[in-house]
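Enquirer: Let's have the full structure, built from the sequences with the hints guiding it.
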Amino acid sequence: MSSEPSFLTSRLEEALGWARKFSIFQYPFVTACCGMEYMATACSHYDVDRFGAGLPRFSPRQSDVLFVVGTISHKMAPVLVRIHEQMADPKWVVSFGVCTCTGGFYDNYATVMGIDTIMPVDVYIPGCPPRPEMVLDGLMKLQNKIQDQHMGGKRPAPEQRPPQLEGYEV
Amino acid sequence: MNNSSLIESVTKRFPDGVSASHTYRGDATVVLQLDALLETARFLKEDPAMEMNFLVDVTAVDYSAFGKGSVPAFFSSSGVTVRPSPQIPDPDPWPGPPDKARFAVVYHFYSMAKKHRLRLQVPIEDETSPEVDSLTSLWPGANWLEREVWDMFGIVFRGHPDLKRILMYQEFEGHPLRKDYPVAKRQPLIGPLN
Amino acid sequence: MTTHTPGTTPKQPAGLTTREMMLNIGPAHPAMHGIVRLVTKLEGEEIKGAEVEIGYLHRGFEKMAETVDYNGVMPYTDRLNYVSPLINNMGYCMAMEKLLGIEVPERCHYIRVILSEVSRIGDHLTCVGATAMELGAFTVFLYMIKAREYLWDLVEKVTGARMTVSYCRVGGVKADLQDDFAELCVKAFMETRKVLDETHGLLTRNRIFTDRMNGTGVISAEEAISYGITGPFLRATGAEYDVRKDCPYAVYDRLPFDVPVGTRGDNMDRYLVRMEEMEQSMRIVEAALRDIPPGPVLTNPETGRPIPAAEMVDLAKVGNIDAISGGCAVAGPTLEGSSRAQYPSIAADQKQVFLPAKEDTYGNIEGLMQNFKLVMYGHGVRAPKGEVYFPVEGANGELGFYVVSDGGSGPYRLRCRPPCFAIMSALPTLLEGDMISDLIPTFGSVNMIGGELDR
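Protein chains in written order, with our numbering: chain E, 4 to 173; chain D, 27 to 220; chain Z, 785 to 1239.
In case anyone wonders, no lab produced these hints; they're calculated from the structure. Among the clues, some could well be false.
Below, computed lysine to aspartate or glutamate pairings styled on EDC-like, alpha-carbon distance capped at 20 Å [unchecked claim]:
hint : chain 1 : residue 1 : chain 2 : residue 2
1    : D       : 94        : Z       : 846
2    : D       : 140       : Z       : 1024
3    : Z       : 1135      : D       : 116
All values derive from a computational prediction rather than experimental measurement.
Expert: Have a look at this one:
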C-alpha cells in the first residue's frame, strides 16, 4: 500500500476507523470524585455500553483508551505515565473532569495542573464532575476522532477554527 | 462529667504539668507542658472516672502567622484591618494562642462510656527541631495520625516506631502545612514545574 | 487433595522449601476503590503481613482552606467524602456555627438532616454495590447505582447538582426545599426499597456471598476502639457508638431511629449493618418530613398571583418598592436564586454571616451593604478568635471539623478528622491471617474514600 491516499486505502481506513470506534476497551484510571460520575455513566441509566464502550479492561495491555478520571497528584503521576506507556498503539487518552484537564481549583503543591503536561490528550471533558451527558458527548467526539485517524497512526489535522472566528485576535 | 470537672480532675492530678485551661464555646481545653503529655494521656485512658478510651484526633497548628492576615491591597492605604466582627457575641473570649510557641500539637479525646470530650494542647517552643512524645504505646491509632503531623508540620514524635511520610511522596522536601510553605510551590517528580 | 486450614503452614513434601512472596497490589487496581497501595507478604495464599501506603490523592484540602474565606471552603468540603457530600457540608457549617455561636432556624436543621440522610443512603448503596461487584455480583451493582440515580435526581432538584452540591452555607442552607419534595421523596424511596429487597434476595442468603464474607476481616471491639475506628465498622463489632445518638446535633434527638449493631465484627456483619442503616435513614427522612415546620408561602397574599423573581428585582432596581413590599416572589429556588420569603426558614438571622435576599441587595441600601461586606475580598464572615471541634456522623464514622480562627476572613487552620483514616490504619491487622481473596471483601467493606482519606 502506498502512502498516498487512494480509493482502496481510504476505504480501508474508514472500515478500520468504524471498527475501532465501536469497540472501545477503556482503562478507567479512577482516582477521585469523577469516578462516581464515571460509574453513573457506565451503569444502566446513562449506559455507555450502547456506544460500544461498555467493557472496561483493567489492564493497560488490553485496552486502547485511557480514561483519566479524577485529580492526579504528583505522587500518582509517575504511575499514570507508566500505565500510559504500557498501553499499545493505537491508543487515545481522555481527560475526564476539570482536575485532569487543567488542575481544577486545587492549585497547590500536590496537584498536577493538567495531565497534558505529562502525556498527550485527545479529548478533554471538563466539569466538576461532568454530567453523564457531557461524558457521552466527549465519547462521541472521541469516536469521531478515532474514525478520522489514518492507518499509519497519524492523527488527522486539528480542527479548523470556525469561520466566525477567522481574523479574531486572541 | 461536665467540662469544669474534667478540667479540675486533670489539673488536680498534674498541677505542674498543666499550664492553662479554658472552656470556649463548650469545648474544654487543657494546655500542657511538653513532658507531661504521656502521663496525662495515660491518666485519661486508665482512670475509671475519665475512661477516655478513644483518641479522636492528633493534629497540629502553626501559630507563626496568627493575627497577621494580609490586608487586601485595595484597603492597604486606608489602614483598614480585618478583625472579628463586633456584632457576633463573644461573651467569654478565647485566651489566645500560646505565647512564645510556634507549634502546638492538639489532641482530642472522647469517652464512649461517659460521653465526655477533652482537648489537650501541647505548645512546642523549639522552632528548629520540634519534638514531642508519641502516644503509639497507648493507642495504636496514633501511629498514622502522628505520621501525618510529621509529614505536614515536621514535628518529630519520640518513640514512634516508623516515622515517615504518609501523604506526600518520600522525595518531597519541606513540610507543606507550615505557614512559610507557599501554597503553589510544586516539586514534581516528573513533568514540568507547572 | 488435602485441604488447608488457614493459620497453619501447609506440610511440604520433603526437599521443597517455601519462601514468602511479596505481592504489590498497586495504586492502580480495579478492586481498590480509590488509589491505595497494599504491599502484602504472602505465604502461599495466606497474608502474613500487609503494609498500606496512602496519599495518592492528597489534594491539599487543609492548605487550600487557609487561602479562601469561610464560605469558599464549601466546595472543598464537598470533595472530601464525595459519595456523601452533604454530610461534609453540614459538618463544616455546624462547626462554623458553633464557633460563631449562632443558631439556625429549625426548618433549616430539618432540611440539613433530610439531605444528610439521603446522602448517607447513597454512600451505603455505593459501598455495598462496589463490594458486591468485586465479589462477582455485577447485577447488584447495577441495581444499586439505579437506586442511587433516583436519589441523585432528588438531590439535584433541591440543590442543583447531583454530586458536588455545596448546598449548606455558614448560617443556613442555600435555598429551601421544593413544594413537591415529599412526593418525590416517597417515589425515590419506593424505588430504593425495591432495590434493597432485590439485593437481600440476591445476596444475603447466597451461599457464595456468605462463604466469602463470613469470618473474614474480623476485628474485636476493643481493638477497633484503640485504632480510633467509628461508624458502621465499629458498630458491626458490637460497640454502640453513633454520634447522632451519643452527641446529638441538629434535630436528631427528636427523630425516632435505631442504630443497628452487629456481633462478630466480620464482613458479613458490616454488610448487614449497612443494609439496615439504609432502612433506618429512610425512616429518619420520613419522620422528618412529617415533623418539619412549614415553609414559606410563595404567592402574593393579596392577589394570589405569584410574582416572578426577575420582575420583582426589576421593580426594586428602579426603586418601586411599594409595588413589591409585602409580596413574595416565586422562584425555582435553585435556578433563580433564593428569595426573601424563604429566608426565615433557611437562614440564621445574622446579617454578619448570611448573604441577603436578592430583592434586598438590589432594593435597599442596607441589603447592598450587607452583600458587599460579605462578598468583598478581605471582608466576609469574620469569626471571633478561637477554636472549636464539631463531630458529625459521616457515612464511615465520626467526621469532625476542627477550626481555628484568628479573626480574619478565612479559617486560620481547618482540620478534617477523616473516619476512614483510622480504618485504613487498622487494615494490616484486619488482613493478617486471611487469604488473599479475603482481601477483596474486607477492603470493600472498609469503604475507603480517597478524597476523605488523603484530603
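Enquirer: Each hint: holds or not?
Expert: The hints, checked one at a time:
1. 94/D <-> 846/Z: Judged against 20 Å, a Cα distance of about 19 Å means the pair holds.
2. 140/D <-> 1024/Z: 13 Å, holds
3. 1135/Z <-> 116/D: 16 Å, holds
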